[in-house]
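J.: All chains, please: the whole structure from these sequences, using the hints.
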Amino acid sequence: MAVTTNNYGTKVWARRTSAKQNAIWLGWFSGTALFVYCWQQINVATTWAFVWDAPRIAGDLVSRAVPPRWSYINELWLPIWDTLNIATLGTLLALFMAVPVAFLAANNTTPSKLLIRPIALLIIVSSRSINSLIWALLLVAIIGPGMFAGTIAIALRSIGFVAKLLYEAIEEIDENQVEAITATGASRLQVLVYGIVPQIMPAFAGITVFRWDINIRESTVLGLVGAGGIGLQMQANLNVLAWNQVSTILFVILIAVIISEWVSAKVRGAII
Amino acid sequence: MSVATSKPLGAARRWKKPPFIKRPLLRWGLILGALIYLVLATASIEVNWLRVYEGLDRGWRFVLAFSQPDFISRWTDIREGMIESLVMTVASTVVGIAISVPIGLGAARNIAPLPVYLICRGIITVSRALHEIIVAILMVAIFGFGPLAGFITLSFATIGFLAKLLAEDIEDTDKSQAEAIKSTGGSWLQWINYGIQPQVMPRLIGLSMYRLDINFRESAILGLVGAGGIGATLNTAFDRYEFDTAAAIIITIIVIVMAAEYSSGVIRARMQ
Amino acid sequence: MLQIKQLLKRYPTGDLALQRVDMAIPKGQVVALIGPSGAGKSTLIRCVNRLVEPTSGQVILNDRELTKLNSNALRVARRRMGMIFQEYALVERLTVMENVLAGQLGYVGFWRSFLRKFPQSSIDEAFRLLDRVGLEEMIDKRADELSGGQRQRVGIARALIQDPELLLVDEPTASLDPKTSRQIMRLICELCEERNLAAIINIHDVALAQMFVQRVIGLRLGEIVYDGPPTGLQPDVLTEIYGEEDWQATIEKVDEEDEEEAAAAAVAVAVVVEEGVGS
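Chains as they are written, first to last, in the working numbering: chain L, 1 to 272; chain A, 1 to 272; chain Y, 1 to 279.
Some clues are possibly wrong.
[As the list claims (entries may be wrong)] The calculated DSS-like cross-link candidates involving lysine-lysine, where the alpha carbons are at most 30 Å apart (straight line), are:
#, chain 1, residue 1, chain 2, residue 2
1, A, K16, Y, K179
2, Y, K141, A, K22
3, Y, K68, L, K266
4, L, K113, Y, K117
5, Y, K117, Y, K141
6, Y, K5, Y, K27
7, L, K113, L, K164
8, L, K11, L, K164
9, Y, K27, Y, K117
10, Y, K68, Y, K27
11, Y, K141, A, K17
12, Y, K117, A, K22
13, Y, K68, A, K16
14, A, K17, Y, K117
15, Y, K179, Y, K141
16, A, K182, L, K11
17, L, K266, A, K175
18, L, K266, A, K182
19, L, K266, A, K17
[Claimed, not checked] Away from chain L, derived, C-beta distances all over 12 Å, residues of chain Y:
#, residue
20, K5
21, A89
22, S113
23, S121
24, Q150
25, R195
26, Y242
[Unchecked claim] Away from chain A, derived, C-beta distances all over 12 Å, residues of chain L:
#, residue
27, N22
28, F35
29, Q40
30, I73
31, M97
32, R128
33, G146
34, A169
35, E175
36, G206
It should be emphasised that the hints constitute simulated quantities derived from the structure, not laboratory data. C-beta atoms are modelled at their ideal positions from N, C-alpha and C, and glycine is treated no differently.
T.: In structure tokens, the structure reads:
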């Protein structure tokens with residue numbers, strides 16, 4: 001906000017001072033320039049002849065994919081069950097590792113801010129930065145293809161997510177309650193169990209269900225790199241261009257994800 | 001008081017923590033069900049321990065690779081892949097935001113009419129249910145290999161994330177502020193601009209920064225299916241067991257994610 | 001029983017919260033600590049049980065120097081000092097009973113407390129205290145379902161189950177309405193008398209302090225500026241503690257209310273005594 005007086009002595013109101021306005025213009029300008037540059041890069045790397053052909057190809061794809069081959073669903077029950085198990089067991093496994101990491105990372109519970117907290121934060125950021133598909137790729141290379149690699153991949157990716165949200169919840173607790181338990185002469189562990197854990201329980205449950213929901217979605221594609229679940233069927237059908245079976249799989253995935261999202265929203269609603 | 005007085009003096013009154021679920025049948029049923037599920041789910045994962053044992057050696061080599069990552073031998077590939085990832089990230093985030101805002105407005109029940117609401121929610125649901133990699137496969141099939149497919153994929157994924165959260169945020173806005181603006185007789189656009197926008201702007205900026213971060217992490221896997229970015233180089237590195245190159249790529253990703261998180265934290269703090 | 005010698009606290013920000021405070025409190029004496037916000041009242045009682053580490057000086061409870069104890073010995077010492085808080089500081093998601101039993105944490109091992117298997121004697125005592133503060137019906141309610149006055153009663157029971165010799169009470173009535181405030185103050189003072197406990201009560205409300213305690217200490221900018229009976233709180237004294245203001249009205253109001261209050265108190269005590277006998 002800026003109020004200035006012009007040559008005629010009238011007060012003039014403008015939303016911002018001119019210096020601030022100029023800075024904002026500069027910001028927009030450089031942002032636009034960056035976007036144009038990025039677009040240019042994509043432009044150069046694209047064969048536009050293919051793109052102009054896209055509507056025809058898309059039409060062709062749709063005509064092969066529709067109608068989906070519904071009878072194929074009967075072969076998908078087992079892969080769906082596997083996908084569910086990868087997500088659930090992966091989430092459970094992640095919880096076991098994420099909880100201690102979260103307590104080590106939170107400012108108010110970490111045993112050492114200089115030594116242990118940075119290590120915990122590094123674990124969190126590494127786990128979060130690497131997509132579960134990359135974890136899966138890595139684990140398939142190390143321990144061979146299969147659901148086991150997928151489960152571990154989901155777990156490794158989830159540690160960072162759960163630990164980050166959980167340690168933020170720990171840092172937001174009401175310190176008065178902790179102080180009151182400390183004043184009774186309780187030991188450190190007792191303060192943790194009586195003063196801190198009850199306060200973060202709802203957040204913990206919410207985060208768990210939230211991540212489980214995300215993991216259902218993630219585990220549908222792990223099969224593309226050989227780590228089990230319904231993605232394996234998708235990869236197989238893509239290889240033989242059986243588009244009407246691919247569309248059946250996509251439909252099943254869509255339903256599964258919508259159901260898991262609904263369950264997760266219900267559970268979180270019940271907790272809060 | 002009568003409870004207290006009617007108790008005979010000195011009689012031991014027992015106390016047990018009241019159970020979380022009051023009905024014993026439901027409680028034990030849930031516990032039993034969870035146990036059965038866990039056993040079945042664990043049984044569905046076949047672990048070839050011999051293969052895992054052999055893999056440990058390779059896993060250890062991978063861990064060691066982090067102590068001496070090899071940036072040199074494939075430097076050109078890494079550099080070009082990273083730039084392509086960043087380019088896709090920036091372009092798709094900008095376009096994604098631009099499309100998300102109108103869809104987010106349309107998906108907020110308190111400002112959109114029902115038909116618009118249903119269409120926008122439908123778009124959001126499909127975008128959220130399909131994993132990026134699945135969308136990328138379809139886009140590559142339609143538009144051909146290259147960053148354009150990745151760019152479209154990430155833009156589409158951004159809509160599901162940003163429009164949903166924006167819509168929820170708009171639904172949570174303070175009704176009285178919006179009403180006050182409406183009562184001044186402004187048009188619909190003025191009403192959005194003065195009554196809604198100031199309330200959701202800080203969060204929209206925060207979410208956009210967050211999505212930029214997510215898009216970068218996702219762009220790292222799109223290369224697996226030929227949609228541009230660093231993923232292709234990473235995949236090749238794993239296929240050839242060049243763990244030192246893979247480590248170099250992963251370290252680069254982590255560093256960029258950390259830098260992005262740090263700078264978005266700074267920007268968000270200044271926006272408040 | 002409690003001796004504080006040359007207690008000094010300087011916060012890392014450089015603020016001097018306590019400037020070489022000396023005081024001694026004999027067994028069974030209830031002391032009100034008054035003073036404006038920022039005078040160091042909270043810091044003082046937190047330095048006694050070392051929730052805040054004093055910078056220098058001594059705190060001696062029954063010939064034991066608290067400021068020198070290691071963390072285990074400190075926990076043992078803390079068991080004998082019950083603390084009652086301004087915003088109750090109950091663990092809101094635990095039940096009333098669990099909150100009261102939390103006062104026993106210093107006496108039982110980790111696994112017993114983790115599994116909620118407290119000794120029967122503790123549970124008996126918890127029941128007795130909950131009866132005494134009038135919450136016998138609320139035992140399995142969660143703490144966040146209670147009203148302010150009820151929560152503070154749970155806070156009192158939690159402090160007393162520690163079997164303390166000294167109560168540290170931090171603004172017990174600041175979040176309560178005037179009537180509940182009096183009931184809570186009365187309850188605390190009665191319990192101190194019953195158990196011959198010493199207590200330091202931080203309190204904003206001068207009138208309320210005068211009504212219930214035998215001794216008042218006035219703190220200003222980390223220094224004791226008044227130490228004596230509540231009747232000595234004349235306008236000039238209050239001015240010294242709080243600064244310039246028309247104090248006459250406050251004091252007169254207290255006198256009037258005292259008479260009404262005395263009558264009401266007599267009835268209330270009679271009721272409580274009956275209850276006490278009954279249980």
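J.: Name the hints, by number, that the structure is in violation of.
T.: 1, 3, 4, 8, 9, 13, 18, 21, 22, 28, 29, 32, 33
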